[in-house]
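Sequence positions in the sequence shown follow the numbering used here and run 17 to 258.
Watch out, some of these pointers could steer you wrong.
[Claimed, not checked] Taking lysine to any residue and the SDA-like style, the derived pairs with C-alpha atoms no more than 25 Å apart in a straight line are: (1) Lys57 to Tyr91; (2) Lys74 to Lys167; (3) Lys43 to Glu243; (4) Lys167 to Thr50; (5) Lys113 to Phe206; (6) Lys229 to Ile216.
These aren't lab readings, by the way, just hints derived from the structure by calculation.
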Amino acid sequence: MKKRIQVIFGLLVIMAVFLGCSTVPNKPLYVENTTGNLLNKELNDDVFYSINYEIDKKEKKDVISFYLETAFNKYKLNFETKDSIKEIFDVFLKYAKNTIDSNVKFGQERIGSSPAFSFILDEKNEIKERLLVNDNDSAEIEFYFLLKDGKQYFLVDNVYLTPLSRLSSKVIRINSFLISKEDIEAISNFSKNTKRIDNIRQNKLEEKKELEKKEKLNKAKKIKEEEKLEETKEKNATINRL
Numbered sequence: 017m018k019k020r021i022q023v024i025f026g027l028l029v030i031m032a033v034f035l036g037c038s039t040v041p042n043k044p045l046y047v048e049n050t051t052g053n054l055l056n057k058e059l060n061d062d063v064f065y066s067i068n069y070e071i072d073k074k075e076k077k078d079v080i081s082f083y084l085e086t087a088f089n090k091y092k093l094n095f096e097t098k099d100s101i102k103e104i105f106d107v108f109l110k111y112a113k114n115t116i117d118s119n120v121k122f123g124q125e126r127i128g129s130s131p132a133f134s135f136i137l138d139e140k141n142e143i144k145e146r147l148l149v150n151d152n153d154s155a156e157i158e159f160y161f162l163l164k165d166g167k168q169y170f171l172v173d174n175v176y177l178t179p180l181s182r183l184s185s186k187v188i189r190i191n192s193f194l195i196s197k198e199d200i201e202a203i204s205n206f207s208k209n210t211k212r213i214d215n216i217r218q219n220k221l222e223e224k225k226e227l228e229k230k231e232k233l234n235k236a237k238k239i240k241e242e243e244k245l246e247e248t249k250e251k252n253a254t255i256n257r258l
């Protein structure tokens, strides 16, 4: 009975690893860090962030990624650009523009929600495992426009993450955090520059193609050299026998 339980547990672990690996996205062709390759540590005490636009070989798979650091772990929240995230940025910036000349100093307004894919990262910032977002089918994260003492902020609501494998019941909470208006403007402007994005995509695809071609030639050359070396060994062995 004990052995049977161990076998079942082992199978569950293998399934969990398989599930985690099978849902890890491919590495992007190119990553544009619109926050200047720096973590913003000014606005939040317990969450530091930077924002990336990740360009895939297929346009529909491009994502906007929030890279987060807490006291305990590193995370990625990926939002596919074909979803509502870009429209949410537009709504935020519209609110920001409308409140510039206003005498209002404080306020908060919901500006939308968008589906997200979440991942926990290792020490090298490589994806370790996928996590479920807010433990629901839509996996949506809520966003708000926040006006605090006359300053405008993009507020990301509390995020609750659970392991996809379900082997752990632990729920990770990332407290709501603020993103500066300037950082939202930067990612919004880049995401709208479709000509630049398409040029980067084509250039990176060509570079990848050339690299694959070079690797293929090098591999063929190595095989030929190994065959020649083996042939020389056989000839030497024949001569020695004579």
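Each hint tested on the structure:
1. Lys57 to Tyr91: 15 Å, holds
2. Lys74 to Lys167: 38 Å, violated
3. Lys43 to Glu243: 35 Å, violated
4. Lys167 to Thr50: 21 Å, holds
5. Lys113 to Phe206: 19 Å, holds
6. Lys229 to Ile216: The given pair, whose Cα atoms are some 20 Å apart, holds under the 25 Å limit.
Hint compliance for this structure: hints 2 and 3 are broken, all remaining hints hold.
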